[in-house]
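A.B. asks: Chains A, B and C, in that order, are what the protein sequence lines are. One gets my numbering by counting positions in the first sequence from 1 and adding 50 to each. One gets my numbering by counting positions in the second sequence from 1 and adding 905 to each. One gets my numbering by counting positions in the third sequence from 1 and adding 1 to each.
These are calculated hints, taken from the structure and not from any lab test. Beta carbons: idealized from backbone N, C-alpha and C, even for Gly. It is possible that part of the hints are untrue.
Some chain A residues near chain B, calculated using beta-carbon distances under 8 Å [said to hold, decoys possible]:
1) M86
2) V145
3) G178
4) G182
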Amino acid sequence: MSERVELSGLELDALQETMNIGFGQAAAALSEVINMHVILNVPKIAMLAPQDIPSFVQGELEGPAAFSIVEQFFLGRFNGTSFLLLPQDEGEKLVELFDENPEPDRPSTYLDALERDTIVEIGNIIIGACVGKIAEMLKDVVTYQPPRYYSGPLGSELIATQLRSSNGLALVFKTIFHFETQDVYGLLFLVTGEGSANWIKGAVDELLGGMA
Amino acid sequence: MNGLDFSQVLETLSLGIFVLDAEGRIVFWNRWMENASGHSAGTTIGQSVFGLFPELETAVFRRSLKSVLSFGNFVYFSQKVHGHLISLPPLPGSPAGFDSMEQHCVMGPIRKDGKIAYVYVQVEDVTEAVSGERLLSSLAMRDALTSAYNRRYFDRRLAEELERCKRYRRSLGLVMLDIDYFKHVNDRHGHQFGDAALREAVSRWTQSLRSSDLVARYGGEEFCVLLPETGPEEGLALSERLRSAMATSEVSYRDIHARITVSAGAAFFREGDGPDDILRRSDEALYRAKTRGRNRVEASL
Amino acid sequence: MARSALIVDDSLVARISLKGILKDTGLDLSEASSGEAALELLGKGMKPDIVFLDLTMPGKGGIETLREISASFPGLPVVVVTADIQTRTIEMVKESGAAAVVRKPADRAEILSALTRHLGRAD
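From just these sequences and the hints, can you work out the full model?
C.D. replies: So, in structure tokens, the structure goes:
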């Protein structure tokens, strides 16, 4: 495993600000797409090793052990994997928020498919919003692989396993987002690929250069 | 690839491609789309895609369009979830049994001068694959003799339904049915009659039940019926209907006619039930039905 | 007397960026890295002619800081600089006393136009 990329205090601050702006714009654009007010908490950059993620998740989302996860790889010079984690109950709330034809007593097979479908769709949009805006700020264009969906317990272990096989991660951004009438809590991880971390450093320096 | 005419590629592709501008108007419509839809490019270009395909006027599609234009992500409309995105008749030569084409579609961004200006939609006909899947699936799920579901499928469905009961607070009924004196029937009338009796039982029960109910062959002459969204009152009425479907008229095969009866044990979902729990209770009820004279429904309440 | 501006943002880079835009305007520039620090400076007698305020700050957030400034220092124009420009957010910010909302990343033209329109106290 190659050396971890080091960011100076100023570079980290610049990256943090880039994320703030990116997420802020994402919230605005997201709210337009889904037609409701969205609040995205300021993401704090954390540098985590894959093995630390389960305890990190546990600390952030106490209680539920079962999650719905949307995973999406993105490719550009800014590249990596993104995970949207929703505790199981939160997924049901999301369905309520976006359900076009709510009827009582629909068969539970349909509800299951609807829930999965809704979570993937919203996850796809949120990931696209955050990743897309950040890429835009850093003057890059990304493409995406199809989103994948997992559900059940062991969510955070799954993520750690997925990441162990990559070149070791450089940066993890987490945020919690609130929708209009309901607070639907979830976590968004953007895990950059090792090679991408170097590029980010360069892009951030360029951004700084354009400022002072 | 200098000088390659890419428009030829788009026109000869065996995939539907159309491109929309930010307002949903069609700006490109390839030959596959012409053939599949019956609308020429000449008549579609400039039209709103929603006018042409009103079924696209859904929150999901609108959201997807907006998000691709805003963020440049890709949106996938898989056949498993959506069936089809746009309503097209099955292409000539498609397998029978489909009213419309099954599709897998993808939507993605097209940039102009660095900004996302258009959205392309790719339409893939997966009808044949779906047909094959359904056939295989059916073979794997069914009992060859009676066409009832098989035990493997039943066990899986039972586990799934119990999960849903727990999550969504639903009710569930399980009825175990056993043909009375089946060994005796086989000895007296022959195995072929015995087989016919099993098939007849499944047929009568399937007709007496709702489409959401499931009839499965659990053992040689043992059947399990799963009744989703069913509580004790309704469940008992249905169990009685199953019993009487056999008792009230004979089974005929060739020139053999005989009255076949069944014993039934019913159990209903209780909080915390795993598959073994509910199976055990209906088995116990079945046993009571047998010992109390057969041709009878007993319940675990 | 030279006019002055107070820049409030927890991000060093955001402050650098805004200072860069304002450096040729002749304004005296001060900065604070949190809502608390900003209120402390104002409480101790600093009298800027305009305040540029970020919304998303930890601790005492932008909205709360904005409300306190409006309450304690009426007439002091506050321009909120934020990436989140949803209608509801803008309404909330205006109701809390902001003179204007400018989107991040700070656009030079928008900042200068906000300056022209809102600089100065209500006399």
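A.B. asks: All hints are to be evaluated individually against the structure, with a verdict given for each.
C.D. replies: Going through the hints against the structure:
1. M86: With Cβ-Cβ at 11 Å, over 8 Å, it is violated.
2. V145: Nearest chain B Cβ about 11 Å off; hint violated.
3. G178: Given a least distance of 3 Å, the restraint on A:G178 holds.
4. G182: Since the shortest Cβ distance to chain B is 4 Å, the answer is holds.
Checked against the numbered hints above, the structure breaks hints 1, 2 and satisfies the rest.
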